[in-house]
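Let the sequences and hints guide you as you build the complete structure.
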Amino acid sequence: MKLQRHGILAGLALTATFALAACGSDNNTASSPSTPTGGSSASASTISCATGTLNAQGSTAQQNAINQWVKDYQTQCSGANIVYQGTGSGAGQQAFISGTADFAGSDSALTAADQPKANNRCKTGPAIHLPMAVGPIAVVYNVQGVSNLQLKPATLAKIFSGKITTWNDAAIKADNPGATLPSTKILTLHRSDSSGTSDNFTNYLSTVDPTDWTFGHDKTWKGPGGDAEKGSDGIAAQLGKTDGAIGYVEWSYAQADSLNTAKIGNAAGQFQDLTAASAGVTIASAQTTGTGDDMQMKIDYNTTAQGAYPIVLVTYEIVCEQGNSSTALPLLKGFLGYTSSSAAQQSVTQLGYAPLPETVRTKVAATVAKLS
Amino acid sequence: MSQPSFPGSAEAASAASADSPNDLTVEDDTRTVDIPRHRSGGRGPVAPMGGGGALPTRRRFGPESVFRWLTTGSGVVVLVIIVAIAVFLIAKAVPAIRADKANFLTHFQWFPDDEVPKFGIASLAIGTIYSSAIALVISVPVALGIALCLSHYAHKRLASGLGYLIDLLAAVPSIVFGLWGRDYLYLPVEQFSGWLHKYFGWIPLFGSDGPYGKSILLGALVLAIMVLPIVTSLSREVFRQTPPMNEEAALALGATKWEVVRLAVLPYSRPGLIAAVMLGLGRALGETIALALVLGGGFGVGIDIIHDGGNTIAANIANGFGEATDIGRGALIASGLVLFAITLVVNVIARAIVYRRREFLGSAV
Amino acid sequence: MSMTTLTNSPQAPLTTSLQTRRLPLWSLISIGVGAAVVAYLVFKIGGLLDAGWVLTIVGAVLIFLIVLAVVSTVVEGGRSARNRVATSLIYSAFILALLPLVSVVVTLVNKGKTRLDGTFFNNSMRNITAFDSGGGAYHAIVGTLEQVGIATVITVPLGILAAVYIVEYGRGRLANSIRFFVDVMTGIPSIVAGLFILAFWVLIVSPHFSPTDKPFYSGFAAALALCVLMLPTVTRSTEEMLRLVPGALREGSYALGIPKWRTIARIVLPTALPGIVTGIMLAIARAAGETAPVLLVAGGTPDRNFNPFQGNQESLSVYIYEQASLASKYGPPRAWTAALTLVALVLALTVVAKLLSRRTKLNQK
Numbered sequence: 001m002k003l004q005r006h007g008i009l010a011g012l013a014l015t016a017t018f019a020l021a022a023c024g025s026d027n028n029t030a031s032s033p034s035t036p037t038g039g040s041s042a043s044a045s046t047i048s049c050a051t052g053t054l055n056a057q058g059s060t061a062q063q064n065a066i067n068q069w070v071k072d073y074q075t076q077c078s079g080a081n082i083v084y085q086g087t088g089s090g091a092g093q094q095a096f097i098s099g100t101a102d103f104a105g106s107d108s109a110l111t112a113a114d115q116p117k118a119n120n121r122c123k124t125g126p127a128i129h130l131p132m133a134v135g136p137i138a139v140v141y142n143v144q145g146v147s148n149l150q151l152k153p154a155t156l157a158k159i160f161s162g163k164i165t166t167w168n169d170a171a172i173k174a175d176n177p178g179a180t181l182p183s184t185k186i187l188t189l190h191r192s193d194s195s196g197t198s199d200n201f202t203n204y205l206s207t208v209d210p211t212d213w214t215f216g217h218d219k220t221w222k223g224p225g226g227d228a229e230k231g232s233d234g235i236a237a238q239l240g241k242t243d244g245a246i247g248y249v250e251w252s253y254a255q256a257d258s259l260n261t262a263k264i265g266n267a268a269g270q271f272q273d274l275t276a277a278s279a280g281v282t283i284a285s286a287q288t289t290g291t292g293d294d295m296q297m298k299i300d301y302n303t304t305a306q307g308a309y310p311i312v313l314v315t316y317e318i319v320c321e322q323g324n325s326s327t328a329l330p331l332l333k334g335f336l337g338y339t340s341s342s343a344a345q346q347s348v349t350q351l352g353y354a355p356l357p358e359t360v361r362t363k364v365a366a367t368v369a370k371l372s
Numbered sequence: 001m002s003q004p005s006f007p008g009s010a011e012a013a014s015a016a017s018a019d020s021p022n023d024l025t026v027e028d029d030t031r032t033v034d035i036p037r038h039r040s041g042g043r044g045p046v047a048p049m050g051g052g053g054a055l056p057t058r059r060r061f062g063p064e065s066v067f068r069w070l071t072t073g074s075g076v077v078v079l080v081i082i083v084a085i086a087v088f089l090i091a092k093a094v095p096a097i098r099a100d101k102a103n104f105l106t107h108f109q110w111f112p113d114d115e116v117p118k119f120g121i122a123s124l125a126i127g128t129i130y131s132s133a134i135a136l137v138i139s140v141p142v143a144l145g146i147a148l149c150l151s152h153y154a155h156k157r158l159a160s161g162l163g164y165l166i167d168l169l170a171a172v173p174s175i176v177f178g179l180w181g182r183d184y185l186y187l188p189v190e191q192f193s194g195w196l197h198k199y200f201g202w203i204p205l206f207g208s209d210g211p212y213g214k215s216i217l218l219g220a221l222v223l224a225i226m227v228l229p230i231v232t233s234l235s236r237e238v239f240r241q242t243p244p245m246n247e248e249a250a251l252a253l254g255a256t257k258w259e260v261v262r263l264a265v266l267p268y269s270r271p272g273l274i275a276a277v278m279l280g281l282g283r284a285l286g287e288t289i290a291l292a293l294v295l296g297g298g299f300g301v302g303i304d305i306i307h308d309g310g311n312t313i314a315a316n317i318a319n320g321f322g323e324a325t326d327i328g329r330g331a332l333i334a335s336g337l338v339l340f341a342i343t344l345v346v347n348v349i350a351r352a353i354v355y356r357r358r359e360f361l362g363s364a365v
Numbered sequence: 001m002s003m004t005t006l007t008n009s010p011q012a013p014l015t016t017s018l019q020t021r022r023l024p025l026w027s028l029i030s031i032g033v034g035a036a037v038v039a040y041l042v043f044k045i046g047g048l049l050d051a052g053w054v055l056t057i058v059g060a061v062l063i064f065l066i067v068l069a070v071v072s073t074v075v076e077g078g079r080s081a082r083n084r085v086a087t088s089l090i091y092s093a094f095i096l097a098l099l100p101l102v103s104v105v106v107t108l109v110n111k112g113k114t115r116l117d118g119t120f121f122n123n124s125m126r127n128i129t130a131f132d133s134g135g136g137a138y139h140a141i142v143g144t145l146e147q148v149g150i151a152t153v154i155t156v157p158l159g160i161l162a163a164v165y166i167v168e169y170g171r172g173r174l175a176n177s178i179r180f181f182v183d184v185m186t187g188i189p190s191i192v193a194g195l196f197i198l199a200f201w202v203l204i205v206s207p208h209f210s211p212t213d214k215p216f217y218s219g220f221a222a223a224l225a226l227c228v229l230m231l232p233t234v235t236r237s238t239e240e241m242l243r244l245v246p247g248a249l250r251e252g253s254y255a256l257g258i259p260k261w262r263t264i265a266r267i268v269l270p271t272a273l274p275g276i277v278t279g280i281m282l283a284i285a286r287a288a289g290e291t292a293p294v295l296l297v298a299g300g301t302p303d304r305n306f307n308p309f310q311g312n313q314e315s316l317s318v319y320i321y322e323q324a325s326l327a328s329k330y331g332p333p334r335a336w337t338a339a340l341t342l343v344a345l346v347l348a349l350t351v352v353a354k355l356l357s358r359r360t361k362l363n364q365k
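Protein chains in written order, with the UniProt record's numbering: chain A, 1 to 372; chain B, 1 to 365; chain C, 1 to 365.
None of these hints come from the bench; they were simulated from the model.
Where hints are given, some of them may not hold.
Computed cross-link-like contacts, BS3-like style, restricted to lysine-lysine with a CA-CA straight-line distance of at most 27 Å [stated by the list, open to error]:
(1) A/K363 to A/K123
(2) A/K333 to C/K113
(3) A/K370 to A/K298
(4) C/K113 to A/K241
(5) A/K163 to A/K370
(6) A/K117 to B/K118
(7) A/K263 to A/K163
(8) C/K44 to B/K198
(9) A/K363 to A/K298
(10) A/K185 to A/K117
(11) C/K214 to A/K123
(12) C/K329 to C/K113
(13) B/K198 to A/K163
(14) B/K198 to A/K241
(15) A/K117 to C/K214
(16) A/K163 to A/K173
(17) A/K185 to B/K198
(18) A/K370 to A/K117
(19) A/K263 to C/K329
(20) A/K185 to A/K222
(21) A/K173 to A/K241
(22) B/K156 to C/K354
(23) A/K185 to A/K241
(24) C/K214 to A/K241
(25) A/K222 to B/K118
(26) C/K214 to A/K370
(27) B/K101 to B/K118
(28) A/K241 to C/K111
(29) B/K101 to A/K222
(30) A/K117 to B/K101
In structure tokens, the structure reads:
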């Protein structure tokens, strides 16, 4: 008797579930036009379609670019399904080594300890680094009444090492003649998770000002004080609601959230605004290291080139040169082939990335073509 | 969260008059006396009564024994799961603890992913216990007030409606409290922290001069709100179990309502209340996602509650798991093992109290 | 103590006629209004301690309590004063507890309604970048329903059978320990359940089901983690309900020569059914809101995935967590709308469960 009533209830719930399942859609291209800045849709000629599912994860620094590329690719190729989770470089490498990710996005190269593990995972071929997205790191701030902040590297290092604690400190005043600075306390924001962005940023600080920044460089933040946030998302979100906060995020996050970015003093003695061009100047001076098809890039933070914005990071895709699973390989080649095309590199400049230098890009594209 | 213990008993209990504990003995009778009598259908020798030959004889693989083994197996699954949790966590934790270059129990930092992994549970464990303790300090008095209000003060009808509201508070998922704490409660707490420091900065608890906001205080407030419904529901049930005779005796002696509560209700309920608070503590210790959203993180330890920062074992797992390497993952599992042990001890103590005083508490907890 | 108050009272002789002077209602109201006005003047206008509205209200309550205590002591005597203060405190605890509930609901509705549109319920997050406004939680809703559905299908028979064992068959040490650990298991933190399934299912078992021998996340793993959380809840509530089934019903059945297992299946369980269903629905409501375990073992994905056994799957709570921490300005509104959806789902389940529990004919304590 009552059983029947429950049966009816369950039946209703089941019907509702199926009804829901029937009317949902996975296709967002029609209903949600992207902003005009984002992704000029790539011409079909640069995309070679493959079907299947690709699982990837890693660096949040390249997430906005990857998402755009995934969108372009999936829009062109209906059978492709690419998942990129922005879990952080460390996690990406870990997932790649354990085999849960087909490729990993990473802001820093594999450590000497991890490289053999990654090679093992690939069975027949080594794991290689492919530079894919170049993302300048923006120093972002939220100080009421201040909109044109300029910081010398030493000032930046002192702020993040806690030696400068208020915004009207003499050192900041000296960098910003004529600006009215409040006496607000400085809140430094850093990443709580292990991140290549932290590694690159602290690497920059320890390179340009080793006397004030004595904490070396590491994927985990070792500096004192401040507020730890998970992911660049977290830093951007927290910064938006905290007066007196300063932090570092990839430029694309500063763009997505319209945050104030500081001008940074370079080795040529200029305060340089962050633009695609000024980041490009620094990248042009970068050197490629690594053996064979493995390509790692070394950025010169002390470049004396005119108009260079010095804090730039290169993010890699870590893939197996050989020994990819046969199910993932076509899509892997198709997708990375697209991302290393000049159209794809250009399409993300408006999202806060700088294109790879042409010589590097062609070499990456050639390597992708012979993955197996 | 131990909501399940009283499915709908709120309304029913308020509808039924607070009955004498005699009911309990009746209930116990059905358990201790009836079941042995029924066992004849199961295993024991069937007493021959009258035409015993006509009765179905017990078969070795009949539906009865199949059903019996099915239920026994399901019961054992519970024990298997508890043991399996411990076994699998230990299996994954041991290699990481072996690789640890610092003392796992006393080291304050958590850097398992470095070249030289160094991590220790100390600051996380302290943070977990500290934030839970503050949450209880905030929520227990309020919860007891509400429970008394529902059991002894408010009108029956009103009490059942309001009790319903409190139960709904328990049903709200923790992620929603986390979101609310981060996006809404954050600002008032930040201002309140500044105010506390300005006027009460001489108390070490409020000694920090900022930054404020994502602090232990915010975490403890969110936790307090989440623990509140549990402690309330449990202690309400406990208060209801007070024998009416005791209350009426106090009333007959001319006691005011508060004196009835103080002299008859509270002493009678004490073990139940301790259990309720312990179960609330268990919930607070294990709360994950809300704290992952509202706490500032870091591994500093201090008595100060308004400074940005604070971390707990569970929040550290949720925030750190995605990025962890092999050792890092093992390290987090090891910290999960510690959390499991702490909550297990707290729950076992609470349950032991409940079981010992079962005659008082009946099915309440 | 009552003696001293008697002598202190200016109207001592009156008490001999079994009557004491009571404060009339108007005096209480005027004390309340007076306290509010004084607090407003001192704190808000006078600016004592930089007070805002909150402190003004707190101050008003404090002044009210102090004045009430003094006036009542003078007029009615100390015992009555304590009674009045305690009563006021208990009621204010209640109001204090309602504040966060109201605040959560108001914030949820306010922030949640911005994205409450067709797109939200009909679209996934596939092809939505940080710069795109659209997108929805369709895939997350499907994921939640599937994971909770699978967990329910696994847990319900297991939980009910375990409860049957505890109540009907269990004897001695095994049954007692199962019963005890079911209670203890309700206190296991959800993150520990997630870690357990990760260590056991995802890392050790799942490679055997994968064509590439690699561990993989899945909605089914999330369902398993939810099982660990639901099992004690279902068992515990079923156990409570079975105990309430009168022994006479069982005895009647046995007297008719019906075997024990059929008695349980046809008499005991149907009698307790409404209560059991209530417990199950509360367990489902709890499971639907869990974030941490799903985050660890289902992975999350922007695409819809109908297959719970293969590949990453989203759930509503994980979706909230992801969107809440997205830097895109479109993220938080999505998170709030998803939170509203989740709360609506959970509350609907809870309310239905509570209504069902009223249908039971068993006399709950």
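Hint by hint, here is what the structure shows:
Between A/K363 and A/K123 the CA atoms are separated by roughly 24 Å; this keeps the pair inside 27 Å, and the hint holds. For the suggested pair A/K333 and C/K113, the alpha carbons sit about 43 Å apart, so the restraint of at most 27 Å is broken. With a CA separation close to 24 Å, the supplied pair A/K370 and A/K298 stays within the 27 Å bound. Restraint check for C/K113 and A/K241: satisfied, since their Cα atoms lie roughly 22 Å apart, inside the 27 Å limit.
With a C-alpha separation of about 51 Å, the suggested pairing of A/K163 with A/K370 is violated against the 27 Å cut-off. Restraint check: the Cα-Cα separation between A/K117 and B/K118 comes to about 21 Å, which is no more than 27 Å; the hinted pair holds. For the hint linking A/K263 to A/K163, the alpha-carbon distance of about 20 Å falls within 27 Å, and the restraint holds. Taking the CA atoms of C/K44 and B/K198, the gap is about 18 Å. The hint holds against a cut of 27 Å.
With a C-alpha separation of about 16 Å, the suggested pair A/K363 and A/K298 falls inside the 27 Å cut-off, and the hint holds. Distance hint between A/K185 and A/K117 is unfulfilled; the C-alpha atoms sit about 45 Å from each other, more than 27 Å. The hinted pair formed by C/K214 and A/K123 meets the criterion: a straight-line CA distance of about 13 Å does not exceed 27 Å. Between C/K329 and C/K113 the alpha-carbon distance is near 16 Å, which keeps this suggested pair within the 27 Å criterion.
For the hint linking B/K198 to A/K163, the alpha-carbon distance of about 24 Å falls within 27 Å, and the restraint holds. For the suggested pair B/K198 and A/K241, the alpha carbons sit about 22 Å apart, so the restraint of at most 27 Å is met. With a CA separation close to 15 Å, the supplied pair A/K117 and C/K214 stays within the 27 Å bound. Annotation: proposed proximity of A/K163 to A/K173 holds, straight-line Cα distance about 15 Å (limit 27 Å).
For the proposed pair A/K185 and B/K198, the alpha carbon gap of about 15 Å is at most 27 Å, so the pair holds. Between A/K370 and A/K117 the alpha-carbon distance is near 22 Å, which keeps this suggested pair within the 27 Å criterion. Taking the CA atoms of A/K263 and C/K329, the gap is about 24 Å. The hint holds against a cut of 27 Å. At most 27 Å may separate the alpha-carbon atoms for a hinted pair to count; A/K185 and A/K222 meet this at roughly 21 Å.
A threshold of 27 Å between alpha carbons decides the hint, and for A/K173 with A/K241 the separation of about 24 Å falls inside it, so the pair holds. The straight-line distance between the Cα atoms of B/K156 and C/K354 is roughly 17 Å, inside the 27 Å bound, and the hint therefore holds. Annotation: proposed proximity of A/K185 to A/K241 holds, straight-line Cα distance about 15 Å (limit 27 Å). Restraint check for C/K214 and A/K241: the C-alpha separation of about 42 Å exceeds 27 Å, so the hint is violated.
For the proposed pair A/K222 and B/K118, the alpha carbon gap of about 13 Å is at most 27 Å, so the pair holds. For the hint linking C/K214 to A/K370, the alpha-carbon distance of about 24 Å falls within 27 Å, and the restraint holds. For the suggested pair B/K101 and B/K118, the alpha carbons sit about 5 Å apart, so the restraint of at most 27 Å is met. Taking the CA atoms of A/K241 and C/K111, the gap is near 17 Å; set against the 27 Å cutoff, the hint holds.
Taking the CA atoms of B/K101 and A/K222, the gap is near 17 Å; set against the 27 Å cutoff, the hint holds. Distance hint between A/K117 and B/K101 is fulfilled; the C-alpha atoms sit about 21 Å from each other, no more than 27 Å.
Checked against the numbered hints above, the structure violates hints 2, 5, 10 and 24; every other hint is satisfied.
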